[in-house]
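Asker: Assemble the complex: chain A is given as a structure, and chain B must be docked to it using the hints.
Next come the chains, spelled out residue by residue.
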Amino acid sequence: MSYNLYHNSSPERNIVKNYLSKADPSFVWNDHDNYSVSYNKTDVHEMFNVLGIDYNWTDNDKDSLKFINVGSIPPSSDRYKNILIKASEQYDKAVIYTSQEPWQWFHLEKEIEKYPNLIFMDNSVYLQGKQYHERYKPFPFMICRMGSIQSNTILTYPNLTYNMPKYKFNCLMYNWRIEKHVAMAYLQDKDMVNNNLITYRKPSLHKVHANDLRQTLMDYFISYGSELDVHRTRIKNRAIDMLTTAQDYTLDEDIQLLPQFSEINSSLRALPKYVYDDTALSFVIESFSGSVFNADNKDDGVFKDHQAFITEKTLYPLMNGHPWITFGEHGFHNTMEYFGFHVHDELFDLSFDSNHNALLRLNQLTENIKEIDLKKIKEQTTNYQSETHKKIRHNKYQLFNKNSMLWKKLRNQFIRYLEEIKEL
Amino acid sequence: MTIKVFYNNEPNKNLVPHTSGVDVWHDNIEGNFTGYTGIGDILNTLGISFEWSNDINDSIAFVNVGSLNHKSEEFMQLCQDTSDTYEKAVILSTQEPWQKEYVDNFLQKFENLFFMDTSTPLYAGERYHKRYMPFPFIITKFLSPRSQVNVIHPSISYDKQKYFFNCLMYNWRIDKHVLFSILKSVISNAKQDSGDLVDENIVTYKKIQNNNDVDFKYTNTIDHKPQIIKLMQEGLKEFEDLFLKEEIELGKKQFNSTFRAIPKYVFDDTFFSLICESFSGSTFTNVFDEIQQKQSIEFIDSRPLISEKSILPILNGHPWIAYAEINFHKTMKQLGFKVHDELFNFEFEETICPLVRAEILVHQVNNLDIDYIAEQVRDHKSETREKIIHNQNLLLNKNSLLWNDLEYLMLSYFEDFYEL
Numbered sequence: 000m001s002y003n004l005y006h007n008s009s010p011e012r013n014i015v016k017n018y019l020s021k022a023d024p025s026f027v028w029n030d031h032d033n034y035s036v037s038y039n040k041t042d043v044h045e046m047f048n049v050l051g052i053d054y055n056w057t058d059n060d061k062d063s064l065k066f067i068n069v070g071s072i073p074p075s076s077d078r079y080k081n082i083l084i085k086a087s088e089q090y091d092k093a094v095i096y097t098s099q100e101p102w103q104w105f106h107l108e109k110e111i112e113k114y115p116n117l118i119f120m121d122n123s124v125y126l127q128g129k130q131y132h133e134r135y136k137p138f139p140f141m142i143c144r145m146g147s148i149q150s151n152t153i154l155t156y157p158n159l160t161y162n163m164p165k166y167k168f169n170c171l172m173y174n175w176r177i178e179k180h181v182a183m184a185y186l187q188d189k190d191m192v193n194n195n196l197i198t199y200r201k202p203s204l205h206k207v208h209a210n211d212l213r214q215t216l217m218d219y220f221i222s223y224g225s226e227l228d229v230h231r232t233r234i235k236n237r238a239i240d241m242l243t244t245a246q247d248y249t250l251d252e253d254i255q256l257l258p259q260f261s262e263i264n265s266s267l268r269a270l271p272k273y274v275y276d277d278t279a280l281s282f283v284i285e286s287f288s289g290s291v292f293n294a295d296n297k298d299d300g301v302f303k304d305h306q307a308f309i310t311e312k313t314l315y316p317l318m319n320g321h322p323w324i325t326f327g328e329h330g331f332h333n334t335m336e337y338f339g340f341h342v343h344d345e346l347f348d349l350s351f352d353s354n355h356n357a358l359l360r361l362n363q364l365t366e367n368i369k370e371i372d373l374k375k376i377k378e379q380t381t382n383y384q385s386e387t388h389k390k391i392r393h394n395k396y397q398l399f400n401k402n403s404m405l406w407k408k409l410r411n412q413f414i415r416y417l418e419e420i421k422e423l
Numbered sequence: 000m001t002i003k004v005f006y007n008n009e010p011n012k013n014l015v016p017h018t019s020g021v022d023v024w025h026d027n028i029e030g031n032f033t034g035y036t037g038i039g040d041i042l043n044t045l046g047i048s049f050e051w052s053n054d055i056n057d058s059i060a061f062v063n064v065g066s067l068n069h070k071s072e073e074f075m076q077l078c079q080d081t082s083d084t085y086e087k088a089v090i091l092s093t094q095e096p097w098q099k100e101y102v103d104n105f106l107q108k109f110e111n112l113f114f115m116d117t118s119t120p121l122y123a124g125e126r127y128h129k130r131y132m133p134f135p136f137i138i139t140k141f142l143s144p145r146s147q148v149n150v151i152h153p154s155i156s157y158d159k160q161k162y163f164f165n166c167l168m169y170n171w172r173i174d175k176h177v178l179f180s181i182l183k184s185v186i187s188n189a190k191q192d193s194g195d196l197v198d199e200n201i202v203t204y205k206k207i208q209n210n211n212d213v214d215f216k217y218t219n220t221i222d223h224k225p226q227i228i229k230l231m232q233e234g235l236k237e238f239e240d241l242f243l244k245e246e247i248e249l250g251k252k253q254f255n256s257t258f259r260a261i262p263k264y265v266f267d268d269t270f271f272s273l274i275c276e277s278f279s280g281s282t283f284t285n286v287f288d289e290i291q292q293k294q295s296i297e298f299i300d301s302r303p304l305i306s307e308k309s310i311l312p313i314l315n316g317h318p319w320i321a322y323a324e325i326n327f328h329k330t331m332k333q334l335g336f337k338v339h340d341e342l343f344n345f346e347f348e349e350t351i352c353p354l355v356r357a358e359i360l361v362h363q364v365n366n367l368d369i370d371y372i373a374e375q376v377r378d379h380k381s382e383t384r385e386k387i388i389h390n391q392n393l394l395l396n397k398n399s400l401l402w403n404d405l406e407y408l409m410l411s412y413f414e415d416f417y418e419l
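First to last, the protein sequences are chains A and B. Everything in the first sequence is counted per numbering that gives the first Met the number 0, starting at 0 for the first residue and increasing by one. Everything in the second sequence is counted per numbering that gives the first Met the number 0, starting at 0 for the first residue and increasing by one.
Heads up, a few of these hints could be off.
[To be verified] Not everything, but these chain B residues come out facing chain A in the computed CB check (under 10 Å):
hint	residue
1	G234
2	N398
3	S399
[To be verified] Computed cross-link-like contacts, DSS-like style, restricted to lysine-lysine with a CA-CA straight-line distance of at most 27 Å:
hint	chain 1	residue 1	chain 2	residue 2
4	B	K205	B	K70
5	A	K61	A	K389
6	B	K161	A	K21
7	A	K16	A	K80
8	B	K3	A	K389
9	A	K407	A	K189
10	A	K16	B	K159
11	B	K332	B	K380
12	B	K236	B	K205
13	B	K380	A	K92
14	B	K308	B	K329
15	B	K308	B	K205
16	B	K337	B	K308
17	A	K408	B	K3
18	A	K129	A	K407
19	A	K129	A	K421
20	A	K389	A	K369
21	B	K205	A	K407
22	A	K92	A	K109
23	B	K159	B	K190
24	A	K129	A	K408
25	A	K369	A	K165
26	A	K16	B	K380
27	A	K109	A	K16
28	A	K407	A	K421
29	B	K380	A	K61
30	A	K21	B	K159
Read the hints as simulated data drawn from the structure, not as lab findings. Each residue gets a CB set at the ideal place from its N, CA and C atoms; glycine is no exception.
Next comes chain B alone, as it looks inside the complex:
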């Protein structure tokens, strides 16, 4: 099947100009907007046959809004204009996830529009809505040389670790602040007279610029632990920026958000990556699982977000564990990745309250047997190293299960588009 992608100006250019508020990565090169849209590159990476067409009757119109805030008036206006202009069209972001309450509103308000954001789809056969098409675009971007520039280290060293883990949390987000606060509050078990987990590991952090609107009361659960709330609130003022001692730059140029590189020493010097993932705000409900006879999580709109924060350590062959949305690792497994359950206990990830989840995770990490971890990471025949290679292949082999599934998913979305 060959898909026809609509253009109104030129092939490979967005249907709306950047002046409409859209913010597409890689569009602004050295201060010049080129009108780039990423949809062609996504289809190329997935291996979907397509042609550009300026006949709206036989093609799909993708309006790429990039990182335009989906809560903004500009976004709504763009949807309105698109709805008025086309019989049907896709509002696309290969960069950002949208939350259910907003998606619901869009779907209801614009009956001729489809919404495709950067989210992880529900399990097969569990689509939330025929016109909502979540897709894990960030994974796709990594395999697309036209979408971003990746530095994958040819080989990391597995025998020179100086620290237990790295945890990169530059650019303030509330989830990063939560994890940083807890790491800061826990004394490392690594050796006698250790400092806290931030001091004893490779951790980065950036202070918030304006802390007026920060609210840590995620759920009622945390009300029982006011000392953590206090710690986080105090941290807003007290924590200082922490940088890497060395960063990688590409010719001192700005390639807004499309240059993906972490210095090699971050991986060489640590046993594993403690990833602080982005939280997309996927919605779930707690249901009773009759088979397992226990409460379990059921996602409603999309599953946890998978971003470059997880992908880059995996591509570089580093063991990983993530502080992320609930059931993140389960989601990764369902996509074909192998999680490091030989190193870590993943029971924490079913904890609903994100603060408690972070707390359990941090304590677990701190209580790991460093000798056992070292043995697993250094022995190339270990389960850990086998999983590393499996995960790299899953991402890098263009005909892996992951890529075939993603291709199939995108094609099934297109079929729905044509049918509706």
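One chain only, chain A, in its complex shape:
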């Protein structure tokens, strides 16, 4: 089965203009050179390639799939809204698509209703065995991107050294986000920063004031019941205090393509090997997509639109064969299992995973890591016959073997979507 992909200028180019401004030359990643010249590229064919789905480009708008790549344009922006209006007017049916960002339910709900001829496909993890709306088709494109040599330049190490970790874990939190900041507050509170390999960047004062991060943090903590116990209140105060007092933590050395190729460096996935060799496990602070779940009724915790978000932050340690545990959206490890990955329940009690309260989840998780004996992890990682090692190999196989259960699952799901889109 081959699918026709529509183009209105030339193959592999986006149907809409990507250029935003000199300072922000494109909303599609890897789409501009060092002089801010946008190629107006799209990446939907890269996803077809990595999934092994046959396709052709056509400028015939009959019997072809129209993917309008909106990249990282915020759904609240005028640009995004204008694209939707035009797409809806111009085409009988079109897919508003991004392989880069997840969209939140409150945006989707309005747009799905407003534009009955548009289908929405974002970078989110689809629900298990059900679909929120026939015109919403979330797909974990980040997994595809990590498997695509077109989308990313990836450095993975063939074999790590497992026998001489200096630290219990690495936790990479550079580029400020609220979840990273809160995780840093917990790590500091539990005195887990200095003895481990950690990166963190505090927000600039300008950002603190311009975005009112103090209030944002207050709201975040209150939404997770920080006023209900002393511990959460203490962490909240620490986190707010850190907005001005925290220090940056960086890696001793980092890997970059030289000379600077801004268009490629944005998709370079590379860490120095010592990050893994020197640590027994990767404590990953994942991105949060804002997936919605029904917490108040009997379907407690069942996701509504899409489930816990998976990004390169978790996939990269897996590709390198490093044991991992993630602070992600609730049910994150369960989601990983759904895709065929093995989680390290031989090392950790993963009961925290189902807790809907992010603060309680994080507290339990960091406690888990604090309690685990470095010797225990080392015993597992230095013995290639251990359960941990078997899981490491299994996970690498899932990611790298093009016919693994993971890739079969993704391919089947994507084809199902394409067929549904044709039927709509």
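Answerer: What follows is chain B alone, placed relative to chain A:
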């Protein structure tokens, strides 16, 4: 079918240590040898289901020799040790091609060993020997993030060319020296008062370190052109190194031979890539084709080598033509690639003498109609651009004809291994 791959130490590690002389790329990371073997990554890329096993009775033993010189005593010793240790095993190199005379010797000497090198297999049903399994591993390595790091430029510009072609020939090899010498001897037709083809294009070259053993007398054909021989011999002393004005580095680290990147301007600034391929030394005979009523080439052991030198321009969407072993483009076509016969005349590639072949190719390139080439390269609806997209898809789409054929080929090799 699930293949079982033997390990004697740990899964995903070579059966022999690097101290035995084997030289596996990506094994030496920042000075530390990790014992890496590439076979698991090859099977992953091909989508072949496999498991690691330490039971030799139900698994295939791959001894990865990497770039260990197949003419060396160490290589023979390794074969001997492997032959003594295992009932049957595969001597594997995903990096280098071996020539027929050596393969013949190995096959004869070690009856329980199979030899799998980086070469392009013969056409379907024309296997040279049941225990010789040539496979184009370099193609496979490109799709394996664990085998190498690739920089594929998101999009090259097709409308900013400053030069006719690029020809990257750094690291001295005799074939590169041949092509460089001829390019250096021909005045470019591009414009009036042009310099030679090296000066007027993006060309790199590196001088040989020790020129005592260089012999240009490939065949008798060249004896009729002593001036070319003279040119090449003089060039050994006279030619100077030519670098790119800018190279891509990955964090100033050494990833021996597994970092594949060419700066974007090399493609942006030129209309096409004149590739100087590696020559594997595949053996052929000249036979009379009854159907076409003319002499044609029949390969005996393997077909021309396809290396990263060709793959990287194709992946980056650049038009290409190669100075390579005889019938290289024909081989590419048979693997599913589309060659640029809308731009170039490929009659040169049946010329047996490599020197004459290079000479015809260079003159052809120099006489191309630059306006026509520009039109083809710049028009996204042109035949050239359609071929570019076709070739990229052939390499990048994991279920393309190429990948299905390669998977099938590898599986058929395994069946032979089990049967013999």
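Asker: A separate judgement is required for each hint: does it hold in the structure or not?
Answerer: We went through each hint and held it up to the structure:
1. G234: violated (32 Å)
2. N398: holds (3 Å)
3. S399: Given a least distance of 8 Å, the restraint on S399/B holds.
4. K205/B / K70/B: Satisfied, since the Cα-Cα distance of roughly 25 Å is no more than 27 Å.
5. K61/A / K389/A: Answer violated: K61/A to K389/A is near 50 Å, above 27 Å.
6. K161/B / K21/A: holds (25 Å)
7. K16/A / K80/A: holds (14 Å)
8. K3/B / K389/A: holds (16 Å)
9. K407/A / K189/A: Since the Cα atoms of K407/A and K189/A sit roughly 42 Å apart, the hinted pair is violated (cutoff 27 Å).
10. K16/A / K159/B: Status holds; Cα separation ~21 Å.
11. K332/B / K380/B: Holds. K332/B to K380/B sits at ~21 Å (cutoff 27 Å).
12. K236/B / K205/B: Distance ~12 Å between K236/B and K205/B Cα, so the pair holds.
13. K380/B / K92/A: holds (25 Å)
14. K308/B / K329/B: Holds. K308/B to K329/B sits at ~17 Å (cutoff 27 Å).
15. K308/B / K205/B: Distance of about 16 Å is within 27 Å: holds.
16. K337/B / K308/B: holds (17 Å)
17. K408/A / K3/B: Measuring from Cα to Cα gives roughly 24 Å; hence the hint holds.
18. K129/A / K407/A: Answer holds: K129/A to K407/A is near 18 Å, not above 27 Å.
19. K129/A / K421/A: holds (19 Å)
20. K389/A / K369/A: holds (24 Å)
21. K205/B / K407/A: Status violated; Cα separation ~47 Å.
22. K92/A / K109/A: holds (18 Å)
23. K159/B / K190/B: This hinted pair holds, its Cα atoms lying about 17 Å apart.
24. K129/A / K408/A: holds (14 Å)
25. K369/A / K165/A: holds (15 Å)
26. K16/A / K380/B: Distance ~20 Å between K16/A and K380/B Cα, so the pair holds.
27. K109/A / K16/A: holds (24 Å)
28. K407/A / K421/A: Roughly 21 Å between the alpha carbons, so the hint for K407/A and K421/A holds.
29. K380/B / K61/A: holds (19 Å)
30. K21/A / K159/B: holds (21 Å)
Consistency note: the structure conflicts with the earlier hints numbered 1, 5, 9 and 21.
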